[in-house]
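A.B. asks: Chains as they are written, first to last, in my numbering: chain A, 1 to 324; chain B, 1 to 324.
Hint data in this document are derived by calculation from the structure and do not stem from the laboratory. Predicted, not measured: the structure shown is a model, and the values here were computed from it. The beta-carbon is built from N, C-alpha and C at its ideal position, and this holds for glycine as well. Please note that the accuracy of each hint is not assured.
Simulated crosslink set (DSS-like; lysine-lysine; CA at most 30 angstroms straight-line) [as the list claims (entries may be wrong)]: (1) B:Lys2 with B:Lys295; (2) B:Lys137 with A:Lys45; (3) A:Lys137 with B:Lys45; (4) A:Lys9 with A:Lys270; (5) B:Lys270 with B:Lys2; (6) B:Lys310 with B:Lys284; (7) B:Lys2 with B:Lys137; (8) B:Lys310 with A:Lys137; (9) A:Lys2 with A:Lys137.
Sample of chain A residues with no beta-carbon within 12 angstroms of chain B, all distances over it, derived [what the hints assert, rightly or not]: (10) Ile27; (11) Asp62; (12) Asp113; (13) Lys118; (14) Asp127; (15) Gln149; (16) Arg151; (17) Ile241; (18) Ser278.
Number of protein chains: 2
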Amino acid sequence: MKILDLYTKMKSDLNQIELELERSISIDHAVLNEASLHLAKAGGKRLRPVFVLLAGKFGQYDLDVLQKVAVPLEMIHMSSLVHDDVIDDADTRRGQVTVNSKWDNRIAMYTGDYIFGKALTIAAELDNPVIHQYLSKAMVQMSIGEMEQIRDFFNIEQNVRHYLLRIRRKTALLIAISCLLGAVAANADEKTARQLYRYGYNVGMAFQIRDDLLDLLGTEKQIGKPPGSDIRQGNITLPVIFALEDERVQEALLEQIRVIRDENGAVDTKPAIELIRSSTGIDKADRLADRFIEKALQAIRELPAIPAKKHLVDIAHFVNKRTY
Amino acid sequence: MKILDLYTKMKSDLNQIELELERSISIDHAVLNEASLHLAKAGGKRLRPVFVLLAGKFGQYDLDVLQKVAVPLEMIHMSSLVHDDVIDDADTRRGQVTVNSKWDNRIAMYTGDYIFGKALTIAAELDNPVIHQYLSKAMVQMSIGEMEQIRDFFNIEQNVRHYLLRIRRKTALLIAISCLLGAVAANADEKTARQLYRYGYNVGMAFQIRDDLLDLLGTEKQIGKPPGSDIRQGNITLPVIFALEDERVQEALLEQIRVIRDENGAVDTKPAIELIRSSTGIDKADRLADRFIEKALQAIRELPAIPAKKHLVDIAHFVNKRTY
Numbered sequence: 001m002k003i004l005d006l007y008t009k010m011k012s013d014l015n016q017i018e019l020e021l022e023r024s025i026s027i028d029h030a031v032l033n034e035a036s037l038h039l040a041k042a043g044g045k046r047l048r049p050v051f052v053l054l055a056g057k058f059g060q061y062d063l064d065v066l067q068k069v070a071v072p073l074e075m076i077h078m079s080s081l082v083h084d085d086v087i088d089d090a091d092t093r094r095g096q097v098t099v100n101s102k103w104d105n106r107i108a109m110y111t112g113d114y115i116f117g118k119a120l121t122i123a124a125e126l127d128n129p130v131i132h133q134y135l136s137k138a139m140v141q142m143s144i145g146e147m148e149q150i151r152d153f154f155n156i157e158q159n160v161r162h163y164l165l166r167i168r169r170k171t172a173l174l175i176a177i178s179c180l181l182g183a184v185a186a187n188a189d190e191k192t193a194r195q196l197y198r199y200g201y202n203v204g205m206a207f208q209i210r211d212d213l214l215d216l217l218g219t220e221k222q223i224g225k226p227p228g229s230d231i232r233q234g235n236i237t238l239p240v241i242f243a244l245e246d247e248r249v250q251e252a253l254l255e256q257i258r259v260i261r262d263e264n265g266a267v268d269t270k271p272a273i274e275l276i277r278s279s280t281g282i283d284k285a286d287r288l289a290d291r292f293i294e295k296a297l298q299a300i301r302e303l304p305a306i307p308a309k310k311h312l313v314d315i316a317h318f319v320n321k322r323t324y
Numbered sequence: 001m002k003i004l005d006l007y008t009k010m011k012s013d014l015n016q017i018e019l020e021l022e023r024s025i026s027i028d029h030a031v032l033n034e035a036s037l038h039l040a041k042a043g044g045k046r047l048r049p050v051f052v053l054l055a056g057k058f059g060q061y062d063l064d065v066l067q068k069v070a071v072p073l074e075m076i077h078m079s080s081l082v083h084d085d086v087i088d089d090a091d092t093r094r095g096q097v098t099v100n101s102k103w104d105n106r107i108a109m110y111t112g113d114y115i116f117g118k119a120l121t122i123a124a125e126l127d128n129p130v131i132h133q134y135l136s137k138a139m140v141q142m143s144i145g146e147m148e149q150i151r152d153f154f155n156i157e158q159n160v161r162h163y164l165l166r167i168r169r170k171t172a173l174l175i176a177i178s179c180l181l182g183a184v185a186a187n188a189d190e191k192t193a194r195q196l197y198r199y200g201y202n203v204g205m206a207f208q209i210r211d212d213l214l215d216l217l218g219t220e221k222q223i224g225k226p227p228g229s230d231i232r233q234g235n236i237t238l239p240v241i242f243a244l245e246d247e248r249v250q251e252a253l254l255e256q257i258r259v260i261r262d263e264n265g266a267v268d269t270k271p272a273i274e275l276i277r278s279s280t281g282i283d284k285a286d287r288l289a290d291r292f293i294e295k296a297l298q299a300i301r302e303l304p305a306i307p308a309k310k311h312l313v314d315i316a317h318f319v320n321k322r323t324y
């Protein structure tokens, strides 16, 4: 499996990132330390550091510099997850109990604040103002994206453009910035950095669409949390928007969504999920994800044929894999 | 009244800061915009910008540069207030309804995140890495301070050192950093910057002690929220710690605190407040605030006798004024 090869190859560098990550968030404060480390150890694919390191290969690769970008980016991602779980009232993430359910929402909020601030202190060790500009921009856009998601809960009037704008802010931008800043920190030329940014943006879009599809089509074991959580909390994702355009299921689905909303999610979401699955929504969302991946590959077509390029191609395919 | 003179003198510069503040947090997103502006318009003394501008007078005063420090500092303060109100479940602050009560906790959390991120994008327009280092450090320490406050709720075993460490992080550091960064942004020499930092730190400590005293001794009109909110939520402040050392009230006060805790604050706090007022706690806290102000004045003794120095002295006395 190609993606495993990649992680094996990058193992020693990723281990250093991992150690740095743990070192960075550990703190002389029992609850905060436990909550932060709990979060770090919950793991994840460390996708953002992987992108930073691979992008760095297109310039002067220096792990000690690159980790000062990779670690903050993963921490910004982690801090957004903690705040996200507060909002979602999620009990588990990646099969692990969340900070808000293990401690409480107040702890989770400040753990998020702390990790975010800590992320910036690490980046502040680098002099390049471009890095600060992009990291703070990411934070701003991600908060707006999250607010939009809340605003759009149970809004069945939203269209595809709405959805794409939201996931661009919520997910794609941070991945795009990971690719960009890896290149910037390695002093790659500007054109290369721009191409990597575009790659990251499109991969990020596909990634979120796949994630939203998985929430409808995956098993609890695959997702690490009960399926259907999105629709349960009113998060109208791409397959749902497309399903609502499918006249065969439209009315029945609208009715199901109304019931979920009226009962505050305390109902069986299977009927809704079945309707979405039987609609053209899944296939349409599938195809849109494919298109973003094509654009991602297109963006890096002109980059030199070093092994890192091959890895970026592999990741794009991996992200887009149908596991359902 | 000296402090009014100061605001009159600085009026035009503070107006520019105010406009920049509104411009900075306004956003093309209805709820977020309304929530942020609501917060900006709730006002406050804009103490942090005032310190930035006054500190800037000890170097090359350039309002366009200084506002890129003053506005982010006020925004970091504002964002911490929003998150703070989520934790406190506060309905009003400065006599205005809070973001969390007007909208909800989720909106308040992301409004705080957004304002914080936005603060950093403004500071990122300046190249000086020292500024980023201190702003992110402030964020980290403030989150730790807030976590410590939660951890110490209803902890009647805590001592004065505990309390001082907590308010140092929660309040004093950001004021110290405001003074420091005003000097740094104006290219004042290092010694001057250090002295201003020490001034800010000590004024900040006194400021928080006075605030905690006011919560016990002030009227609802003065405080902008019901008095006794600290003890109601278990926040054991300096006068309470001192009162608990006073054997005449110790046992009765412990009992009252126990009742408040057991009833989750849903009791009359007047008996507790009466006990604290009748103890030596008030006077002892008063005197500790005085000592911090003495140290603040001491810190800037050697600074040149420009009008800004006189204003800093006036503010120190103003902060320390007994309004109860």
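A.B. asks: Which constraints among the numbered hints does this structure fail? Numbers only, ascending.
C.D. replies: 4, 5, 7, 8, 9, 10, 12, 13, 14, 15, 16
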